[in-house]
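Colleague: Quick mapping for you: the protein sequence lines, in order, are chains A and B. Mind the numbering: the first sequence is residues 600 to 915 in this note's numbering, read in order. Mind the numbering: the second sequence is residues 600 to 915 in this note's numbering, read in order.
Take the hints with a grain of salt, since some may be wrong.
When chains are identical, the list treats them as one kind, so a pair holds in a single copy or across two.
Here are the simulated SDA-like pairs of lysine to any residue, each with C-alpha atoms no more than 20 Å apart in a straight line [stated by the list, open to error]:
#1 Lys822 x Thr648
#2 Lys873 x Ser829
#3 Lys748 x His728
#4 Lys888 x Asn727
#5 Lys633 x Gly824
#6 Lys748 x Asn727
#7 Lys695 x Gly860
#8 Lys888 x Asp675
#9 Lys748 x Gly610
Worth flagging that the hints you see were computed from the coordinates, not collected in a lab.
Here is how the chains run, residue by residue.
2 protein chains.
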Amino acid sequence: MGYCYGIDLGGTAIKFSLFTDQGKLVEKWQHPTKIEEKGKYIISDIALTILDHMDQNNFSKEQIIGIGVGVPAVVDESGIVNVAPNLGWKQTDVGKKLREMTDIPCYVINDANAAALGEYACGGGRGNHSMVLLTLGTGVGGGVVLDGKVVTGLGGAAGEMGHICVNDQETIPCNCGNYGCLEQYSSATGIVRSYREFRNAGKSGILSPDGPIEARDVFDAIKEGDQAASEALERLGYYLGKACAAIACVIAPEVIVLGGGVSHAGEILLTTVKKYFQQFAFSPCRQTKFALAAAGNDAGIYGCAYLVLNSRKESD
Amino acid sequence: MGYCYGIDLGGTAIKFSLFTDQGKLVEKWQHPTKIEEKGKYIISDIALTILDHMDQNNFSKEQIIGIGVGVPAVVDESGIVNVAPNLGWKQTDVGKKLREMTDIPCYVINDANAAALGEYACGGGRGNHSMVLLTLGTGVGGGVVLDGKVVTGLGGAAGEMGHICVNDQETIPCNCGNYGCLEQYSSATGIVRSYREFRNAGKSGILSPDGPIEARDVFDAIKEGDQAASEALERLGYYLGKACAAIACVIAPEVIVLGGGVSHAGEILLTTVKKYFQQFAFSPCRQTKFALAAAGNDAGIYGCAYLVLNSRKESD
């Protein structure tokens, strides 16, 4: 039987996984990421871990279809990492190095794109031809998958939907330096910021605007009838629905999947986003479905395995 | 030698063309479109014209790689036309009918997408892997081409960038029923509307706001120092630059090509759009190039030929 490895390389841990050639997860485990000395040990650590795992399981090189690696960095069309600040890397050809050490085909992908592929193959996007993932976390990231392939775009910059300008009247800058980016309103940070603003503007609420607040607190407060929390959710949904309508005008995906911490709010998030999406969407695009991410923390490893298995099918 | 036919089917004329299998245009000619009786003669007219042309040139069926047809209608992923109001058609499987009559492989594509493929293959997008065409005419249409393939999207609705909401403060509805669509500002109609607005609001200008005005008059007036005309161009560029920045966040195309009547304004249009694109674009996307459409009225037939020749390569 054939296998592949899916590896989700993060700033604190490296998640390893073994999949069958049918895409079934067999085993997963993780190591701390050795970020010391500008991350110089990371690639050899991955190579040795895999060679060791193959040894223990008596796998021959011929049995291993490939290794897919998701990296927290911009990855260009040829698979080269430009800068990975969390790992300490400058320009690095991860795939080439890993291939030299293991003699196994290697595929490198941006970690957000790996998660998008994972959601497409096994999560909220399953069963669709085209999907956009929006990850509503500290910021808003995402990925675009068309016919089983991630759209990387010029210099790997596709899928950065968090930086669509949705409000050109904004006076506070986004972390990116622009004004009115989607992530200023529809991230976990964004909904908390909105909550504080509404509270300070006199809307009633149960949370102190000056204390520590997390996105989940705001969603919990909505259930308690908190006015500021409801308005913060409306703002999040308004701008997210508007951005999704813009995305639909460009590529008209079959489904838009919402992931990240904010997506744990569930049905109330979907309902709010869909309401504003219907308001802003061009009529032929109004059939677009919305779904919650479903692959959880394993999205990355699933996506890396899918990348390997799908690349194999193509070169067959 | 192998050949293919490219056909641009419009509401008033059908443009026929013959290309070599290397993509070289050999011959083109046109017929009026027989739109009588709900367009029931159109497909047989195309089939007979081609069979006749083959006869006259002693082409065997084996020499003809395929027929590509651009249709002024939404075409779904399987090539079926849903409704084509300009032709009088209801749901029609154009490719199947044409194939039955000619016994030659047929490929059907939306006419705006055909023009986008034509610009990609032989016009302003030539030499790039990914391209977005924005056609600034009476409305704003367009097409998205990634790695030589048009993105059709759910129900054929991709590439409708003219209906991205760029101004949620707008109180006048777009033809689509929504408010603040790109085409309300950045089409030929849009710049004329803006001109009239600025004149009526007291800006100085050489054209009467109550007389007939065309987009080219506005561009000519700019050269004469017309204040209202300059502001209308700034508004066009502001919203177009903003929409292009949103497009870049989604798919980060290598080049954005501007076509349609408004693009005859040339360098002054490019300069204005680029200025606002730089303001709104997420920094990794700022390398996106801008170009003017270059395939002119032949974009459609070039795109249809490219579609046939590219589909052939894939099935090889």
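Colleague: Confirm or reject each hint.
Modeller: Here's how the hints hold up against the structure:
| no. | hint | result |
| --- | --- | --- |
| 1 | Lys822 x Thr648 | neither (47 Å within a copy, 68 Å between copies) |
| 2 | Lys873 x Ser829 | within (16 Å within a copy, 39 Å between copies) |
| 3 | Lys748 x His728 | both (10 Å within a copy, 15 Å between copies) |
| 4 | Lys888 x Asn727 | within (10 Å within a copy, 32 Å between copies) |
| 5 | Lys633 x Gly824 | neither (47 Å within a copy, 63 Å between copies) |
| 6 | Lys748 x Asn727 | both (12 Å within a copy, 19 Å between copies) |
| 7 | Lys695 x Gly860 | neither (34 Å within a copy, 48 Å between copies) |
| 8 | Lys888 x Asp675 | between (30 Å within a copy, 17 Å between copies) |
| 9 | Lys748 x Gly610 | neither (25 Å within a copy, 36 Å between copies) |
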